[in-house]
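Protein chains: 2
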Amino acid sequence: MAESWQQRAEAKHNAILAAIPEQWRITNPPIEEQVDVTGSYVHQYLSEREIEITETTANEIVKMTTTGKWKAEEVTRAFCHRAALAHQLLSCLLEVFFDAAVADAKFQDEYFAEHKKPLGPLHGLPISLKDQFHVKDVETTMGYVGWIGTFEGKSGTGKEKVFESEMVRELRNLGAVLYCKTAVPHTLMTGETNNHITGYTLNPKNRRLTAGGSSGGEGALIGLKGSPVGFGTDIGGSIRIPAAFNGLYGIRPSVGRLPYEGMANSMDGQNSILSVVGPLATSVASLRLVIKALLSQQPWLYDPLVHEIPWRTSQEDEISGLISKGGRLCFGVLGSDGQVNPLPPVRRAVDEVVQALEAQGHEVIPWDPPPHKTLLDESVKALAYDGGVDVRAALGLSGEPPVEQVAFYANLDKEFTASEIAATNVKIRQLKKEYMDYWNNTAKVSKTGRPVDAVIMPLAPFPAARPGRYGYYGYSTVVNVLDYTSVVLPVTNVNRKIDDADEGYSPLNEVDKGVFESYDPEIFEGAHVSVQLVGRRLQEEKLLAIAEYVGGLIGK
Amino acid sequence: MAESWQQRAEAKHNAILAAIPEQWRITNPPIEEQVDVTGSYVHQYLSEREIEITETTANEIVKMTTTGKWKAEEVTRAFCHRAALAHQLLSCLLEVFFDAAVADAKFQDEYFAEHKKPLGPLHGLPISLKDQFHVKDVETTMGYVGWIGTFEGKSGTGKEKVFESEMVRELRNLGAVLYCKTAVPHTLMTGETNNHITGYTLNPKNRRLTAGGSSGGEGALIGLKGSPVGFGTDIGGSIRIPAAFNGLYGIRPSVGRLPYEGMANSMDGQNSILSVVGPLATSVASLRLVIKALLSQQPWLYDPLVHEIPWRTSQEDEISGLISKGGRLCFGVLGSDGQVNPLPPVRRAVDEVVQALEAQGHEVIPWDPPPHKTLLDESVKALAYDGGVDVRAALGLSGEPPVEQVAFYANLDKEFTASEIAATNVKIRQLKKEYMDYWNNTAKVSKTGRPVDAVIMPLAPFPAARPGRYGYYGYSTVVNVLDYTSVVLPVTNVNRKIDDADEGYSPLNEVDKGVFESYDPEIFEGAHVSVQLVGRRLQEEKLLAIAEYVGGLIGK
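In order, the protein sequences belong to chains C and H.
When the letters of the first sequence are read in order and numbered with our numbering, they come out as residues 3 to 558.
When the letters of the second sequence are read in order and numbered with our numbering, they come out as residues 3 to 558.
Simulated from the structure, these hints should not be mistaken for laboratory data.
One thing to keep in mind: the hints can contain errors.
As the list makes no split between identical chains, a pair holds if one copy fits it or if it spans any two.
As the list claims (entries may be wrong) - List of simulated lysine to any residue pairs, SDA-like, C-alpha gap at most 20 Å: (1) Lys-383 with Glu-422; (2) Lys-429 with Thr-159; (3) Lys-383 with Glu-417; (4) Lys-558 with Ala-412; (5) Lys-429 with Glu-166; (6) Lys-383 with Ser-421; (7) Lys-119 with Lys-435.
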């Protein structure tokens, strides 16, 4: 008798656990017994040396590994151990290949010993990858039971466990050590991470809450410092949501900056709003490190959608030069998009950033752009073009039902026509142009005489979502529709003593009501609170420079 | 009684002629009486000074106008006169606004007199525009009778005769003088220029042949030197075809290099293969001049689809540096795409370029890429997505039938679904990747150790098409599917004494047969013969540098 999808999911679930060495196995306490598993809780299972290594940022790690001060093997083993703990506490991994990683690390150590130089700028740096990257010797399931044992749902392609995504090739060239792939919600179309293989991925800082999604496995893993830097993808917030919910820095680059070539995806070929790939990490310097390294590989020669734009130090220098000479930056601030108001801790985070900047003499002006709702209406269309055909086909391979968070996409029933798609494309272009003109026109009101340098806005209306209650994507998705650069900036943590729920709040609409009602300071206590810094299209260097500066001001 | 479409077309036709000053009116001789109207034929109507001015390339003109040596007004009047002659002989203009141009030129002369400096790098340079650009005070019909008196077919938009396309704004900033808009085939979807307003646009060098399309008015006008440089658009060859058929240089830049914002278009919102805008001119230096000038306007701040890639002098310097040090370039050569063989004069042009390069010690290797047919199959789909909805709507406004050249698009009847479009997008991306890999791999066989620098290939199988016989677009369209940079290089002219028809040729297929049978050395005598130099995506500076060098070698 053929296995049921439940049996296949369970077998894969168990295989992931089985890949964790016996000596690293721990007991997972009930959530309410141990809400926060970061810091001292996870430290109990680690040696001093492992803690030292895993609590070093990626940019600092490579200073040690590329100079031979730290061995790649030791670094790799430390992160493998901490990742194993993270998975057992949070359900964040879909593929575990520690043995291959240790073998790669040993090879690197030998290379360094022989040549007295590193393999590349990422020599000995463990990097985690969302389970859309193809890596040899392991599967890519993207959380679909029906993809187990296949290449993107297809059998006999010759690519199974052999083919590698372009970025994987580049990361290996650069000396990175790959050791695990992280959990996603099947379909990728939600801000929570849930699938029938790993189950629900928890937030390490507050396990009552989601780790975010769709790069939620990355968020949880890096949030617990089981990885120094990892790559996710973002079509409506999927890099930035897990970054924000886990107190991390994360960047959504514009389309065509980093290579997506050869990665698995949902609704591939929907070309109105493209998913992008980008890193999450505990420091801006770590994000810069990996982006700069990847661009040194000239990805435009290997991915037809990448533009030939090398790393532009001049963009960074402009910002740092300005600041070091006492010059002023000008920021826009969007407190609310008028659709769903942010909850009290998010409001506080926005205010804290504004105050920190104003205290340094920078200018912050209200951001009152063309209505975000109009932009979001188009994004809803773009993501529903295929009427659920792709998602149902993937789920149908095993017969598994959609998890509740993505039922919307599985239940769509009408495909858009070519004319409807063309009309959406035209509308999106027009709205981009209007937004661009608004941005340009801020030069007329700013004291700098320049258009605003970046916009401070919430990334989500909540610090994180409670399971099953991620009800509004407007703040993150507007960036995808505009194809802007956005960097998530961790700001603070929920403090039940000051982040009271709003008394007598009268909701704007049903969605706003749902978000309002999901807030409970007791439940959210301690959760990370972040904002995003939004820049224009293809302004990655500039936005990273600004995020690093602002992060420094607020002590992050 | 409402006017018929014929009456409306005729009224517009007459209004264009009426805009030509009385003293510039001439009699148009029958085609067979005067096949070639270039050179001495057109000179009879021009003064020595007018000939001097209009036979100066754009890059040389601005040396005079930006230094005050030549007055903008005199230059403008000379080109207006020659453009008026061109239109009467070739039917190449859809909008004539000489008075506005002279007024602008006078203003520029006053500006120069007062400030002792030019308005910008294009000060006093007349530039012609394909009738997709919106220019204040005149219409944009794109050859559709139903668009007369409207804004893109719509009334009461408030944009009629007021709105200007983004590139028009930039050209004015730069000091260009706009004076006419040029004929297109309605729908833009053919390599011949024909519509019910202007009628059929003739080739000035050989009026038995087409001037090309869809930027055919540009080709004819610049071919007769009624404009020093003009802008067309290209989705399947529409810049390069008129450039090639008129002995001009023309560049198809990659998508996102130059601003298309605010231009009229066909099937707008079809996002799989995008139309691009680019210049045609009598010298490479003229193309460089206008592109470099436009990029100095930072179009990426005003057009959401333009990438922030400033003019890269380093790309040019690499080529010129290499050549000046006696270094070698490596070219691929594609004699035939295996679908339709080029006619004898085109074969000869390819051979002459190869020989000229080899004589200088450059390397030319066979180009044997993944089959072009597979790429072209996808382009056929992309251009048929909407099942003719857009084209029928535009024709339906007036009730005019399609001209025979575009009947295919008007007669499509099935819209693609979202899933079918997505599958096409995925396939195109995969084919781009395969082609890219092929290109990269030429580094393994070239003597330079680098991938080939450019590929020499036909732009069309014929030197020009005979009316109604443009049967094959594969050579030009493959570049659009790949989004590559391509520069048309004029090489030679048909010589009936050496370009015999192939005796006993056995055609590859029906299309090949049609092309073969359309050739008659007597009819084609004197026609321009060109090739294209194809480079990778976004390599405009490099390809212009190469085209200038190769053009120099063959004496063009």
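Results of checking the hints against the structure:
no.: 1; hint: Lys-383 with Glu-422; verdict: both (9 Å within a copy, 17 Å between copies)
no.: 2; hint: Lys-429 with Thr-159; verdict: between (39 Å within a copy, 16 Å between copies)
no.: 3; hint: Lys-383 with Glu-417; verdict: both (10 Å within a copy, 18 Å between copies)
no.: 4; hint: Lys-558 with Ala-412; verdict: neither (40 Å within a copy, 61 Å between copies)
no.: 5; hint: Lys-429 with Glu-166; verdict: between (36 Å within a copy, 19 Å between copies)
no.: 6; hint: Lys-383 with Ser-421; verdict: both (13 Å within a copy, 14 Å between copies)
no.: 7; hint: Lys-119 with Lys-435; verdict: neither (49 Å within a copy, 33 Å between copies)
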